Amino acid sequence: MRRAIRLTVNGRAVTGEVEPRRNLADFLREDLDLTGTHVGCEHGVCGACTVLLAGEPVRACLLLAVQADGAQVTTIEGLAPPEGGLHPVQEAFWDRHALQCGFCTPGMVLTAAALLRRNPRPTEAEIRVELSGNLCMCTGYINIIRAVRLAAERLAAAAQQVPGSQFAVPGPVSGTGHGPARIPESGSSHD
Amino acid sequence: MTDPRPATREPRTGKWVGRAMRRREDPRFLAGAARYIDDLKLSGALHAAVLRSPHAHARILSVDVSAAAALPGVHAVLTGDDARRLSSPMKPIIPIPIDPQNYCLATDTVRYMGEPVAAVAAVTRAVAEDALDRIAVAYEPLEPVVDPEEALRPGAPLLYPELGHNVVWHDAFTYGDVEGAFAGADLVVSERFTIHRYSSTPLETFGVMAQEDRGTGVMTIWSNDGRPGLTSGTVAAALGISQGSLHLIAPEVGGGFGNKRRAAYLILAALLARRAGHPVKFVEDRREHLMALMHAANGVMTAEAAVRRDGTVLALRVRDVVDEGNNLVNPTLHSLLKLGNIVNAYGIRAVAFEGFCVLTTKCPSGANRGIGKPFMCFAIERVMDRVAERLGMDRIALRRHNLIPAGAFPYETPTGALYDSGDFGKTLDLALARAGYDDLCARRDAARGEGRCVGVALAMAVEPGTSNLSSYILTTGRKITSGAGEAAMVRVEPDGRVRVATGNVGSGQSYETVIPQVVADELGVPPETVSAAPGFDSFSHPWMFASGNYSNKFSGMDIGAIVGAARKVRAKVLTIAAHLLEVPEEMLELAGGAVAVRGDPRRSLTLAQVADVAYKNLVALPGGSEPGLEARHYYLSPMATNPDAQRRIRAQLIFTNSAHVAMVEVDPETGGVTIQKYVVVHDCGTEINPLVVEGLVHGSTVHGIGGALLEEFVYDGRGQLLTTSFMDYLKPSAADMPDIEVDHLETPSPFTVLGAKGVGEGGSIPALACLAGAIEDALGPLGVRVNDLPLTPRRIWEMIQAARLASR
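So the protein lines, in turn, are chains A and B.
185 is the number that the working numbering gives to position 183 of the first sequence; each next residue is one higher, with no gaps.
166 is the number that the working numbering gives to position 96 of the second sequence; each next residue is one higher, with no gaps.
Isolated chain A (complex conformation) (with noise of 0.2 Å):
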């Protein structure tokens, strides 16, 4: 027994038939070939399979694709400016090495991109808790911390020069990544 489902993914609108017993992760991934979603646990402890509906981080795998009928959700495919690049959260991952074999840092991005639209400016200690619900094997988190502190410092000072659009994307941050690590001037604040 299927039943249909319609809901926005990633901006789109997408239509499927599926298993009651289908979890979205499941749906995403195998329906859609959104493959960005990974499954480290699937009992909602890793949260590798972090998305965001209506903008709020849950676990794909804990959720039925049935109940995200007429849900809005973001993937880590939809997250960077549809125009190319990066997000400035995804950006400060790269210049803060936070990520090492790749595979939680999708659900890592996600929570920490909703984590700063709500509070643009968190404490290392909120952010530490905000992060406790996705696990890394690699990076012993302390460059993921280093990241959303970085990736709140450039929101911020983007929100400085374009009042009102708080989480407006900055362009894409200068650097290859083929060159000297760039690291931000002195003066960025990293206490």
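Just so you know, these hints were derived from the structure itself, not from any lab.
Mixed in with the good hints, there may be bad ones.
[Unchecked claim] Pairwise CB distance ranges, derived in the manner of DEER restraints: (1) E58/A with G225/B: 56 to 62 Å; (2) D355/B with R119/A: 50 to 56 Å; (3) E58/A with P167/B: 56 to 62 Å; (4) E58/A with G114/B: 34 to 40 Å.
Just so you know, these numbers come straight off a predicted model, no measurement behind them.
No residue lacks a Cβ here, since even glycine has one placed at the ideal position from N, Cα and C.
Once you've looked at the hints, dock chain B against the given chain A.
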């Protein structure tokens, strides 16, 4: 929070090695565009699920799969009997005294909870799991044996009755005058230590997809297996095909840490694919991963130290029992690496080592970040603290007194390791300075005055890299594997861009960034024109038995192969360019992507122009010159010798060293530990990319912290694993891990091509020792002694209660 490491450490003039470059591979991971094993799709592919034993030990009386096979959507079912009929048994890497007829599925007996018994391939994973519910297995339960010391006793339940006991390896070694040292010692310290089972649990589980080409007979297997060089032979032999007909491909790998090698799953998927006539994919779920992939071995060690009154540790006498679980693939791995590195950072001159590898009805033990050395370091560092206590010496002073002096390198330890380079005293001093050790101790004392349990400790460690396969000669007596190395190919494409491939399978170590840095220096090209192939492909990458992702070997072995291949290509570029420019080779220099006449830069050829001739304009090449601009290099470490007549072994070849300092506070009411300060100073020789090095130090240290404080595979007395999810097998999270302050020394290795040493295992080795020391220091006033791991809140609370009872 500490600052990120500055990017502007002084790079060698004009060189790319040494620069903290941002990673080349990151954009695709950040965008969710990287393709891991479970992201690969083939038309018509089926999904497999595995039925596993609920018993720790049982005889299989019958397996009835008829109802499963009849379920719509099921294409193939496989049992142990099928596996026996359709494949050959897997050969252990090392010879063992019995022939256990080890197949990809259990045949007559199951020997751990979670052992695969049957498998189904169906249109979806869900249907395959439905089918598992319809398989009826009749078991006759047998007595489990869970504790390794129980397994050693006469009369213990036997995993393999034909063996007559559960000991898969036992040997005793003596190096130097151990008896004399103990006889003449002023003090003998004797301690018993235990370590638990834990694992680095990569966030991506193990997975495999197999497809048979019926026309060519080629079996293609995609897998995140980390040891393709070893896996290829095992799988091809089991399937009855040539290694030339086994096409192994590794896609992106979502973390490895040594865990990801299980030939049985490749064989299982291949047999199902053959039977079904469709590609078959199998990806472990987390429960399967936790109960049945592999665990770092638990074990028991007694360590005795003979000590002179001045604090000199003269000799060690070690008895080490490794719980291999049901590991018949590569037993003795933990033992050899402990034996080979047993003196840690100290100039101890005599060692007796007796080792046992014992089989129990638990998940097979296997490679996990650091293999055996976390326990080695824990035991030796605990011994050092006890010696200091007994002599009334300062813990740091005692260590400093025993460290191998900087002038002694290269230094041969009694068991045969040849430590390449380092200045352990400098590492120690820098760690104390960075941590503000005296201040930490003052803060501890002040806190103690307020009745709080605060402790400070330091641990020293060697962090060895590169396993020498010759070690196994010691446990098998047979010279069938030996040496250490890796293979690489460097090819200048016709358009002048450079492509590199190796036999290693990256799983997050930033190879796509650091390999271009290395090759850029060798060929005088910008690193952005060099690409290192991700993953692995046995039909296009060069490889050998030793190839793969393990043992901190990249900095020594892989770079040796890459540089070797790059230098062959460089020589050829110069030969061709000299011919075309009509000058002697000595007058040419390679820089900026071009070959130019020294002092006359107008006379130059770009690498693309040279390549264009090499591939296209063949008659223009110098006489006798082979067309093309590609070279392969198979690197053998010159240090990788076989055991000598005294049975001394170079188990590992390259030696990073480090010092960890921690301050912790323990809540005596809950047993909870808060890390208030954590400092790592390490020396991994030449750093190819400091940004990458720092990331590996952070990550490896957190592995050690997790292993010390949180993670444990808990078995009950019946061999039932109680921790089969991340809700009961606890991993470190951002909320409970400390900031880690890292500082670096750089003493190049004389034994590697660029002086680089391994950094991947790093902090996973000393972190357990360091935290144990700090917790013991915190609880010392209560009379607590830490000899057993892990240090979970419950265990700490129990230790506190026991100490309080004892002091009444």
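Taking the hints in turn, this is what the structure says about them:
1. A beta carbon spacing of about 60 Å between E58/A and G225/B agrees with the range 56 to 62 Å that was offered as a hint.
2. D355/B and R119/A have their C-beta atoms about 32 Å apart, which leaves the hinted 50 to 56 Å range violated.
3. A C-beta distance of roughly 59 Å is found between E58/A and P167/B, which places it inside the suggested range of 56 to 62 Å.
4. For the hinted restraint 34 to 40 Å between E58/A and G114/B, the CB-CB distance of approximately 38 Å keeps it satisfied.
Hint 2 from the list above is the single one not met by this structure.
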